[in-house]
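Protein chains: 2
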Amino acid sequence: MSDFTQTVTALHAITIAVDAMGGDFGPEIVIPGLNIIHEENKDIRFILIGDESRIYPYLNKYSNLKDVCRVVHTDRMVRNNEKPSAALRASKGTSMRMAIEAVAEGHAHAAVSAGNTGALMAMAKVVLRMLPGIHRPALASVFPSMHGSTVMLDLGANVLVDAETLTQFAVLGAVFARAHKGIQVPTVGLLNVGSEEMKGPDHVRAAHNILSKVDFPGQYKGFVEGDDITKGTVDVVVCDGYAGNIALKTGEGVGRMTGHYFKEAISSDPLAILGGALAFFAMKRFKHKVDPRLYNGGVFVGLNGVCVKSHGGTDALGFSSAVRLATQLARQGYVKKVADEINRLMSQDSFLSQGTYEG
Amino acid sequence: MSDFTQTVTALHAITIAVDAMGGDFGPEIVIPGLNIIHEENKDIRFILIGDESRIYPYLNKYSNLKDVCRVVHTDRMVRNNEKPSAALRASKGTSMRMAIEAVAEGHAHAAVSAGNTGALMAMAKVVLRMLPGIHRPALASVFPSMHGSTVMLDLGANVLVDAETLTQFAVLGAVFARAHKGIQVPTVGLLNVGSEEMKGPDHVRAAHNILSKVDFPGQYKGFVEGDDITKGTVDVVVCDGYAGNIALKTGEGVGRMTGHYFKEAISSDPLAILGGALAFFAMKRFKHKVDPRLYNGGVFVGLNGVCVKSHGGTDALGFSSAVRLATQLARQGYVKKVADEINRLMSQDSFLSQGTYEG
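Those protein sequence lines, which keep their order, are chains A and B.
Read in our numbering, the first sequence has 304 at position 317, and its numbers run on one by one without any break.
Read in our numbering, the second sequence has 236 at position 249, and its numbers run on one by one without any break.
Take these hints with a grain of salt, some might be off.
Repeated chains share a single entry, so a pair holds when one copy, or any two copies, can fit it.
[What the hints assert, rightly or not] In silico DSS-like links for lysine-lysine, alpha-carbon gap of 30 Å or less:
1. Lys218 to Lys250
2. Lys186 to Lys53
3. Lys276 to Lys250
4. Lys53 to Lys70
5. Lys186 to Lys79
6. Lys218 to Lys70
7. Lys186 to Lys112
8. Lys274 to Lys218
9. Lys250 to Lys274
10. Lys250 to Lys168
11. Lys218 to Lys79
12. Lys79 to Lys112
13. Lys271 to Lys218
14. Lys274 to Lys186
15. Lys208 to Lys29
16. Lys48 to Lys324
17. Lys186 to Lys324
18. Lys200 to Lys70
19. Lys271 to Lys250
20. Lys208 to Lys70
21. Lys186 to Lys70
22. Lys323 to Lys168
23. Lys276 to Lys218
Derived by calculation from the structure, the hints in this document are not laboratory data.
Input sequences plus hints: build the corresponding full structure.
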């Protein structure tokens, strides 16, 4: 990987390794997305990995951005529909893998890709490895709520997990909320089917018992329900990847259906079209509040490095949100803080007395 | 229960037993709700159970409705915040229990209550009992989709269940969709975290294997994801109560947050208020499409009788939707058809070869 040692000049500035080829559009959205971040913060450097013949036509349009980018050429890339196991086997020299390797080898503080989710997760696990003591990585993200935003994990890196793993997710999520929202002691809730103690599946109730006892970097608030995600009842919602993925996609679906019926009703009525024009700025403010692009970016947490997955179909604004998230976590030293907190959790009697992990 | 035998005159007409005291408002919304149904269909009869001193002040306002109602007095009722186990022990003579008993004893075709969900489910299980061969009852309901509506179950009568139980839910749901939507062979999907065969928890993948082989009253379409509920990809979405309850409440939460931010944006801007006034009829059509009151009513299926739970905080229009659903299922002979289909399922080699149920 001598390419990187030549290109990265100063690692005291935050450096983000970017898979320029990932997602539905590649450099066409990646580079304008990076430019949004560059205009916010001139100190962030980028390693842009991909086919230079496709990168430069876009990069040449942004001469200021170009100054903080180093392009590392490869013509290999992971296809969007490739099976994760196959993609992993054939990953050497792909733009996705090289972005993650840049983090593993200390050339970058975080990696961002809009490519194949399963392949990215498999590669991140293999290349970055899990932090010592962590049972499983999780996929974490931030969602809009009625009181700001909610951090939620796991969104589908796993399906069902055991109680100890859920407890570790609570630590990963609390440190995430600290880095992202700047809250020193974030409140944490465990997603369940009701708020009463006796409700829910075994693994969720067992995690509740552990979280009620252990000292961890958040304030445990007990069970929360699906509507608490958008209510903003807690800063962090913890769940297994089965419930989390279904909740995430159901919520996306409801948002899309609401938009669909709204547009249908407005566009079928001339008076309503005029009304919509008058409400233009109000609608813009409204859309801004619930714009999924502003919340784009899922992070594989529990690994020895920051790896952010951007939605594959997003635009430049959406991609910039994923890069901003990577930057925040890198700047706050997320990985080091998580490692310390996991060590502290694992050494507590009230955690250990629950029995060791079998997985 | 001689009260009932005196009051019910002709059971060849559909008769619905109604807990007049359930929910946040009792007779105040129950009786106007029944009147909505009465105006649609004069042949439906009601047994109204509750405190007659609270029922008659409302019932006297609707003289036509009064002609098809029989009031059965009791001053006992289940409180909304009572624990299900305690409510069940002390349930004798409550309006909720008497409504379910009216079904069990053949005086009514279905029961409807807006009362305490847990208590209603516990009582329905004890009083109506499960149909022979059914492992567990499920809570089923109908949701709006971009192509009409989707039947979904289980919404929280259970948490995690085994593969055989999920397969039975598919039968319960398919017969439900037949009765509700009038589709002879409804399409059925199994809720999961992805559509690929190897994805998801063990019980979901095992149910997929059974459903791919057995002959049941629907057409099995494989795995669906959270956003397929609102996309309307299938007529029936089957899941365990853990995933189903979390999906349901997350979706409700997203709907509520969207409405909250929409109102906030519109009401803060005079031009937008004017715009909203111009779009009045369009907004009305829009609200009608996603109005949760029109989809109110969860049915405990798998029992030897129809028992419908209305949302406790709904109004007369919402309560009427729950009663309409009860009427549809009663008229279509839902319970008898489910019993036949479950018998047919249980006798199939491809179902039995999966091993017997341990629960």
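To test your reading of the hints: which numbers does this structure violate? 2, 4, 11, 14, 15, 16 and 17
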